[in-house]
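> Modelling step: build the complete structure from the supplied sequences, incorporating the hints.
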Amino acid sequence: MNAIVIGLNAYRESIRRKTLIAFLLFAMLVIASSTFLTVLSPGEEVKMVKDVCLSCISFFGMLIAVFTAGALIPGEMENRTIHTIVSKPMKRVTYLIGKYFGAQLTILLNLALMSALFIVILFLQSRRYIDESGVSVSTPLIVIGKAMLLVYFELLVLSALAIAVSTMSTSATLPVIGGIFIYIVGHSVDYLKNLSEHVGSGLMAWVIRQFYLILPNFSNFYLRNQLVHDDPYVPQGIARLFIYALLYAGFGLLIAYLLFRKRDM
Amino acid sequence: MRVQREKIVFGAIIIAFLVPISIVQVGIDRDEGEVVFLKWIDNQQAYQNRLLQKIVETNDDRNPEEVALFARVESAGLSLAADFDGLSVQDKWRIIHNPDFEPLYERFLQLARESKVTLTEGLIEWSNPDVSANVGALVLGFRKLAADMLWLKFDQYWHTGLYQRMLPIMETVVLLDPHFIEAYALGAWHFAYNVTAVFPSAEEKQKYIQVGIRFLEEGLKSNPRSSKLYGEMGYTMYFRKRRDWEKAAYYLGEGTKYEHEGWIERAYALALERMGEEEKALAVREQFLRNYPDRERLQHYAIPRLKKKLKARNLEEDGELEEALRIWRFLEQDDRGDVVAPIEVMRLEKILKERETAS
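Protein sequence lines correspond, in order, to chains A and B.
With the numbering used here applied, the first sequence covers 1 to 265.
With the numbering used here applied, the second sequence covers 1001 to 1359.
Source of the hints: derived by calculation from the structure; they are not laboratory data.
Be a bit skeptical, because a hint or two may be false.
[Stated by the list, open to error] Below, computed lysine to aspartate or glutamate pairings styled on EDC-like, alpha-carbon distance capped at 16 angstroms: (1) B:Lys-1054 with B:Asp-1244; (2) B:Lys-1228 with B:Glu-1277; (3) B:Lys-1228 with B:Glu-1261; (4) B:Lys-1228 with A:Asp-231; (5) B:Lys-1116 with A:Asp-231; (6) B:Lys-1153 with B:Glu-1106; (7) B:Lys-1257 with B:Asp-1085; (8) B:Lys-1350 with B:Glu-1323; (9) B:Lys-1116 with B:Glu-1065; (10) A:Lys-262 with B:Glu-1006; (11) B:Lys-1308 with B:Glu-1259; (12) B:Lys-1228 with A:Glu-197.
[Unchecked claim] Now the in silico label distances, taken between C-beta atoms and shown as ranges: (13) A:Arg-127 with B:Ala-1197: 32 to 40 angstroms; (14) A:Leu-258 with B:Ser-1022: 15 to 23 angstroms; (15) A:Arg-128 with B:Val-1026: 40 to 48 angstroms; (16) A:Ile-21 with B:Ser-1088: 52 to 60 angstroms; (17) A:Ala-112 with B:Arg-1094: 45 to 53 angstroms; (18) A:Arg-128 with B:Val-1056: 35 to 43 angstroms; (19) A:Ile-21 with B:Asp-1100: 42 to 50 angstroms; (20) A:Phe-181 with B:Ile-1014: 32 to 40 angstroms; (21) B:Ser-1022 with A:Ser-201: 15 to 23 angstroms.
For every residue, glycine included, the Cβ atom is placed at its ideal position computed from N, Cα and C.
Next up, the structure:
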């Protein structure tokens, strides 16, 4: 119960932050302006809209997740409001889960707004550029929904890791930089996979492969692009990715708790 | 002591998270690997088909181990489903999850790691770690967006006449996004029409048409179920540019197997007609009419002509050459664009003349 109260409070605090509002507005602007790019790409109008919008949602989603999750705890430390909370008979893990819950609400709200605009733009563009044979009127909502879930799974993991970094910091700068760094690393983990398959030494290959397996791998969620583009060759179902995201989010929160539980306030 | 125990407990909890994370990651990798495997099977089947129909110009240059593996895959697939070759992606996906396929998949992975797998998009994921495998990582998962932005550059180069810069851009676009169908289709079309128009010599023209064909072949490797690429290969490259009706009919026919636009069926019928396969062409056109009843006008002229051609063929088989010639002459006069009728007129005239001389 306490976690929900803290979460709702964190959510209210987050949605009032000007940085996040600016990110959201900018994202909406880019999504809306994707319509103009279609003029430059005859024949691929709908693809262009899908790519620009999906990339925009992923990118601004990442910024929103990092800025939300990374700034919640340091913000309270700066304002010293955290002292009044942790001095109460409440476990620190409850506080952390509450903050994470609040960050998720903020991320979901932003994602929902961006997705809604994406769906509207996509619907209008599909209707405008529908071809004579009537193939693919518009990408079904369920496909877009799945793709958005994959974007959210990525942000679920990223925000947990950003919270973990934020527990070590007194200002929001470190968690934000850390979050962006984790995002870059998470998209580069495939390097390790290739390296492990081509490295000469067996032991070295094993070590690299273990790193590859345990580091957060955001390219797993790249499947969203294939889903949106109706690629027939996609793995069936996204349940495995959901489990991966949940496990990694749990791992991120565990690290956050370990760092936070004995921290002097 | 308490601190020590706490450390052990937390260490155990961390491992308890990392182990399932690794297991799930292995599962995700397997899913991705199976997608590549499935695509490889489709490509192998298509290639085998092209070899049988003599559509492939060169000899079979596949690795013998790859060919052997495909033979095992085919026999395993056929034992589980009689129509294995024609199954949808979902059905094939189910089939390859059968335990019989486990050793075959493992063998595929092994060959892929040894770069012995030729017919798959895996160039990106498996065999070229230094260049292309990491392109995706460089653009942080925004591969498709990066490809789109480069595609806009390609268009700009075309409009400013910088043709020599178009090819590397096009290759980079499809490296970033191997499923960018329009990039393959439009790129090949540029080579077939606009770039060849710049060069006066026939040799240069053919060279660039060949570049377009190679480009579309790459596209088909990555997208073996793209009717648009089959359509472009069949119509733009082989029908319009090479005037090779047989290959055109093959590719257009393949295009009609998957979800396709109406023009592919019409072009397929046209290619069959040019091959002298009027019966098949008529069947395709009649099917087109059933699929698109609102486009009757398009067939209004073509179907009666096809029926006349069929009649002429039947008359010729029955030995009524004069009557057949009369129909072909009418068809020649009726449509000056028909390339089959004048040939048939000449052929029949020659036969009749020879008969006259002999008698």
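> Now, for every hint given, state plainly whether the structure supports it.
Against the structure, the hints:
no., hint, result
1, B:Lys-1054 with B:Asp-1244, "holds, 13 angstroms"
2, B:Lys-1228 with B:Glu-1277, "violated, 23 angstroms"
3, B:Lys-1228 with B:Glu-1261, "holds, 8 angstroms"
4, B:Lys-1228 with A:Asp-231, "holds, 14 angstroms"
5, B:Lys-1116 with A:Asp-231, "violated, 26 angstroms"
6, B:Lys-1153 with B:Glu-1106, "violated, 41 angstroms"
7, B:Lys-1257 with B:Asp-1085, "holds, 12 angstroms"
8, B:Lys-1350 with B:Glu-1323, "holds, 15 angstroms"
9, B:Lys-1116 with B:Glu-1065, "holds, 8 angstroms"
10, A:Lys-262 with B:Glu-1006, "holds, 12 angstroms"
11, B:Lys-1308 with B:Glu-1259, "violated, 31 angstroms"
12, B:Lys-1228 with A:Glu-197, "violated, 35 angstroms"
13, A:Arg-127 with B:Ala-1197: 32 to 40 angstroms, "holds, 35 angstroms"
14, A:Leu-258 with B:Ser-1022: 15 to 23 angstroms, "holds, 20 angstroms"
15, A:Arg-128 with B:Val-1026: 40 to 48 angstroms, "holds, 44 angstroms"
16, A:Ile-21 with B:Ser-1088: 52 to 60 angstroms, "violated, 46 angstroms"
17, A:Ala-112 with B:Arg-1094: 45 to 53 angstroms, "violated, 34 angstroms"
18, A:Arg-128 with B:Val-1056: 35 to 43 angstroms, "holds, 41 angstroms"
19, A:Ile-21 with B:Asp-1100: 42 to 50 angstroms, "violated, 57 angstroms"
20, A:Phe-181 with B:Ile-1014: 32 to 40 angstroms, "violated, 21 angstroms"
21, B:Ser-1022 with A:Ser-201: 15 to 23 angstroms, "holds, 21 angstroms"
When the structure is compared with the earlier hints, violations turn up for hints 2, 5, 6, 11, 12, 16, 17, 19 and 20 and for no others.
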